[in-house]
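What follows is the residue order along each chain.
There are 2 protein chains.
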Amino acid sequence: MSTQKPPNSSTHTTSKPTQKTIAEITGLAVTTVSRALQGDEKIAQATRLRVSKVAEEIGYVPDRAAQRLRTGKTKVISLILDPHNEILGFGNSLITGVAHALAGTDYHLNVTPQFLGGDPIEPVEYIVRNKLADGIIFSRTRPFDERVRFLRERSFPFTTHGRTEFGYQHSYVDYDNEKFAYESVLRLMQKGRRRICVILPPNHFTFHQHLNYGYMRAIRQEGLQRYIPEGINLDSDMPEIFEWAQTIAGTSDAPDGFICPGETSFLAIANGYRQAGKERGRDFDAVVKSSSQTLHQIDSQIDNISEDIRQAGALLGANLLKTMLHPDGPFEQTIQDPDITFPALKSYQD
Amino acid sequence: MSTQKPPNSSTHTTSKPTQKTIAEITGLAVTTVSRALQGDEKIAQATRLRVSKVAEEIGYVPDRAAQRLRTGKTKVISLILDPHNEILGFGNSLITGVAHALAGTDYHLNVTPQFLGGDPIEPVEYIVRNKLADGIIFSRTRPFDERVRFLRERSFPFTTHGRTEFGYQHSYVDYDNEKFAYESVLRLMQKGRRRICVILPPNHFTFHQHLNYGYMRAIRQEGLQRYIPEGINLDSDMPEIFEWAQTIAGTSDAPDGFICPGETSFLAIANGYRQAGKERGRDFDAVVKSSSQTLHQIDSQIDNISEDIRQAGALLGANLLKTMLHPDGPFEQTIQDPDITFPALKSYQD
DNA sequence: TCCGATATTTGTAACGTTATAAGTACTATG
DNA sequence: CATAGTACTTATAACGTTACAAATATCGGA
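Sequences listed follow chains B and G, in order. Each residue of the first sequence is one higher than the last, beginning at 428 in the numbering used here. Each residue of the second sequence is one higher than the last, beginning at 428 in the numbering used here.
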């Protein structure tokens, strides 16, 4: 038994296998291995098969840093999330949806936190500056969103959750908040409510406008009185909303119907009213927008209009992938239709 | 004016500045620039200053892919998050905390989703396999956690939220759930409650044991009857808990005190009891563990014991950084003390 | 003036991958 | 049998950074 080491034997002992390892095993050149792994048609099918089999056997995984350095592509999609509490589980649902869209591709999902109170442009600038991703997804879009402008100027691929009001187009996924608000008013009227209040998001968000339009359209059409709280919005802390609700519950023109585009605002309002001796179903009703069936199942009297956040995430991911594949293709724009399935009114006679 | 291009003129037009650009401007070698930027003491201070000034001016940012390829370090910390709804805003708080700990270092935070129902080892294996991070943080730790074993075997740096029961040690941050449960029982007794029920997490989690120990210690000490629901746990859906609560509320030995290690379980229980005609404060009381002050501020009668998740994140980040810096140093182990500050009992006479 | 010590800078190679251009072998055609 | 085409493979260089070894300059002392 010889202890001598042949001069050209590479010591693939425990070190991570690379294309070089595959090349040595198969006797091919590294270039061939690389192209075979990419599925290049110019490489004989037999070779491609052999290479991928060996790769599989030795547990080869491409070095993303090297790929990234060479190609300039990070193969990463960044999802920017800010910690608003509007809809329970919003972040997780969105993540799950995007991850679902990315499954099967070689793209990784990277979640970048948007700090409370921080400028929304910051994480975007940071990602572009350091080339941390090939594409960006963000939410809470504004009519003239700085981030959209910034990314457009640099031709950096992105998709937004929510629309803008710029003259030019871009890829987005949005929910038909106008319809949600409109239908909510009608539903509350069906239940005999006349003093209908809507909780709006801060007015710098585009979906503030949409909710407002839908609400006002129904209010005017039905000849009702507009009731939009001042000082309170969808992003207010629960205690703030709670206190406000408790206060107004005692007034003579207290609302008897609420449109809550999120669960937390509803919970705070219901608690505030209850503290003031008012009961839901008897003294007031509400239509709540939620992503899960949670609230609805706890109390079937709460009218629930669903916004499928997970689906929104999946659409955002798919739209972004398309946008990156065809930079000059059409803009992928999707509007989600509210799922309006109210329980029959007769059930209230029980 | 000559239109001829000197042979060696590099065209630093609009292309991204690199160390080479700095080298050309300063007349130094690329190596010198690299070492100057690293703050190497062997480089003259004057040079270091000049280099960093030029770098600043031309907007140089290091190419992370190149650094990563060369050094093998990703400079990324991965936080694995699963979408449990136990404590409201758990994920966001944890992210914020870790990000805070990482601010000022050159580490990036990468959030990896743990899919519901997926094997917890999967994201860990994926990260290690593809070398997507230098360190990992995860939560929901189990007594003999597969992930801990996996990472230990490979000497991959990590910190956990929650302890294990392995013979060997590792870095962690945990909350004193034993104390939380114990103190909760005492508090409910103070309020005159005797049939005290605790909602426990699934029993494969370590903090199930801790909560159980604390609860049982107090129960035995006070000579009470143990009340632990079957079929329901902290991870059950709200509707499930709601239904369970509604059912037991009607029984003769219905609990009059609840220990809820999370807000959602409390909300479901309170709703279930209310549906059965029972009111909190009159028919039952609860001690709730929460991260925000939300619930407590909505209703001051809810006794709240706080778990500072944001701080936990900051500690996890700090612990992990230390662990990575001193791989053979002592294990960083931190236990968070519950913040027990109940409102005075006399306030209930109002 | 020469020597060694100290301070500072530099050239070379490499991390793992892929784009480009260039090669080789085989087959069909005239 | 030369030639052109086809099918496939390969050598070379480069992405931007840093580790290592080597070079150069500066200075005090004998």
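No lab work stands behind these hints, which were simulated from the structure alone. It is possible that part of the hints are untrue.
Repeated chains share a single entry, so a pair holds when one copy, or any two copies, can fit it.
Keeping only pairs whose Cα atoms sit at most 20 Å apart, straight-line, the calculated EDC-like set for lysine to aspartate or glutamate is [to be verified]: (1) Lys443 - Glu580; (2) Lys480 - Glu610; (3) Lys480 - Asp467; (4) Lys443 - Asp561; (5) Lys606 - Asp766.
Okay, the hints, checked on the actual structure:
Taking identical chains as interchangeable, the C-alpha atoms of Lys443 and Glu580 lie at most 20 Å apart only when they sit on different chains, with a minimum of 16 Å there against 41 Å within one chain. For a Cα distance limit of 20 Å, the shortest separation of Lys480 from Glu610 qualifies neither inside one copy, at 57 Å, nor across copies, at 60 Å. Within a single copy, Lys480 and Asp467 get their C-alpha atoms as close as 16 Å, which meets the 20 Å cut-off; across copies the closest is 46 Å, which misses it. Proximity of Lys443 to Asp561 under the C-alpha cut-off of 20 Å is restricted to the inter-copy arrangement: shortest distance 16 Å between copies versus 27 Å within a copy.
For a Cα distance limit of 20 Å, the shortest separation of Lys606 from Asp766 inside one copy, 10 Å, qualifies, whereas the shortest one across copies, 45 Å, does not.
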